[in-house]
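Q: Letter by letter, the chains look like this.
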Amino acid sequence: MSDVVVARNLDDALSALSDRPGATVLAGGTDLMVEINRGLRRPRQVVAVAQVPELRQWSVAGNRVVLGGGVTYTEMMAAPLAEAAPALAQAARTVGSPPIRNAGTLGGNLGTASPAGDTLPVLAALNAEVVAAGPDGERRMGLDEFVVGVKQTALRPGELIVRVEMDRPRGRQEFLKIGPRNAMVISMAGLALVADRDGRAVRCALGAVAAGIPRATQAEAWVAERIDWDNGAEVEDAVADEFGSRVAAASSPIDDHRSTAAYRRHAVAVLAARALKRAFAQGGADDV
Amino acid sequence: MSDPYTLRVNGADCEVADADIAESLLFVLRERLGLTGTKNACTEGECSSCAVLVDGVLTCSCLVLAAAAAGTEITTVEGLGDGRGGLSAVQEAFVQEGAVQCGFCTPGLIVAVHDLLEADPDPSDGDIREALSGNLCRCTGYGRILAAVHSAAAAKQRRP
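Line by line, the protein sequences are chains S and Y. For what it's worth, the working numbering labels the leading residue of the first sequence as 1, then goes sequentially. For what it's worth, the working numbering labels the leading residue of the second sequence as 289, then goes sequentially.
Worth flagging that the hints you see were computed from the coordinates, not collected in a lab. No incorrect hints appear here.
Negatives, chain Y to chain S, calculated, CB over 12 angstroms:
#1 300
#2 375
#3 410
#4 429
#5 435
Just so you have them, the derived chain Y footprint on chain S, three or more residues with Cβ under 8 angstroms:
#6 46-53
#7 96-106
#8 178-192
C-beta: ideal position from N, C-alpha, C; glycine also.
Just chain S, with the same shape it has in the complex (with noise of 0.2 angstroms):
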């Protein structure tokens, strides 16, 4: 049996798993390369999934857009899926490199789940599910079941990343993201909020403030009390700078080589007002 599959096609690359249930998947190489050349991670067997096209595919469908686990950062930037999925394009475009960006893939982000996933606060905010497919068919996760701990995911032996489907409500959307310069930058604090004006919702989750991916769920409910849904006018200051600090308080971040609890929590409290603002800016209502 071969150790290095390179599957063509979604039956392959799923049997060649099977067949293989202890297998590496290989996507992007954007994290597994930089293990693997540092000798700290030595696989046995690899499935590369980068040539499978029904893992490149995305469609918009009604409110739902679905984007397959082998959609790279590149496609997420470009029109139309910018479009369609605003925040995940700003996501994207804060990873890494062009090359970066080239090579690795939504999928990648999620396999790998770190806390710094720069996809991941997007896909908290937008209600995302994890399609995966193994020996037993498929099954569906919420980010939260999926993402069980740093660096931890619930994906079994043999099961892939097959899509992720998440919401496109009507509203705008903001990614922000804290690091030293806007390229080759491991995010110190990621965050995303979304409005959903139909659903008169404010959603708002966190990266690299946490061991997970966690949803400010108590300040997006408080906020939501707050906003002038039907005239759409602005957001005061003071309820943006409010909202930032109840945020603030669903973070639960760490001192590390990247930043400091502090600046970490006082930057989440910053980027949620900062985002608040964008969101419910003058005009908000009518442009989407």
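Got chain S sorted already, so can you dock chain Y onto it with the hints?
A: Below, chain Y alone, put in the same frame as chain S:
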């Protein structure tokens, strides 16, 4: 060990046998195929010294598992000349503008600039900075690299 596989590099089929499963495309290009134009620096995608084109897409070869690149068309800096043994417009511009100091980042930059000008024949400074944001140069300060990209764009427009 991985099974023998074939890589298509600069238009030629290259057999790779007795390779370790964990070898990157960068390693195989340099150590097995002797294509040392592609440079080995960070091996974690931070510097783009190892940039190549895979099926026409700008890629860090250190982040590609070599065996998984079977079936793709790989172009390295050695494959980017004018096709007659001379320099490409981009390479010529780097020489003329003095956009090279130690030279270690240069092959990756040449590949990235080819990719940029393929997509955008007349990029602004901002476009160039964005396109080259993953290519680290620790000598030149980038000023002459920017000048070389503009110069190459102008030259390509004169004789496309």
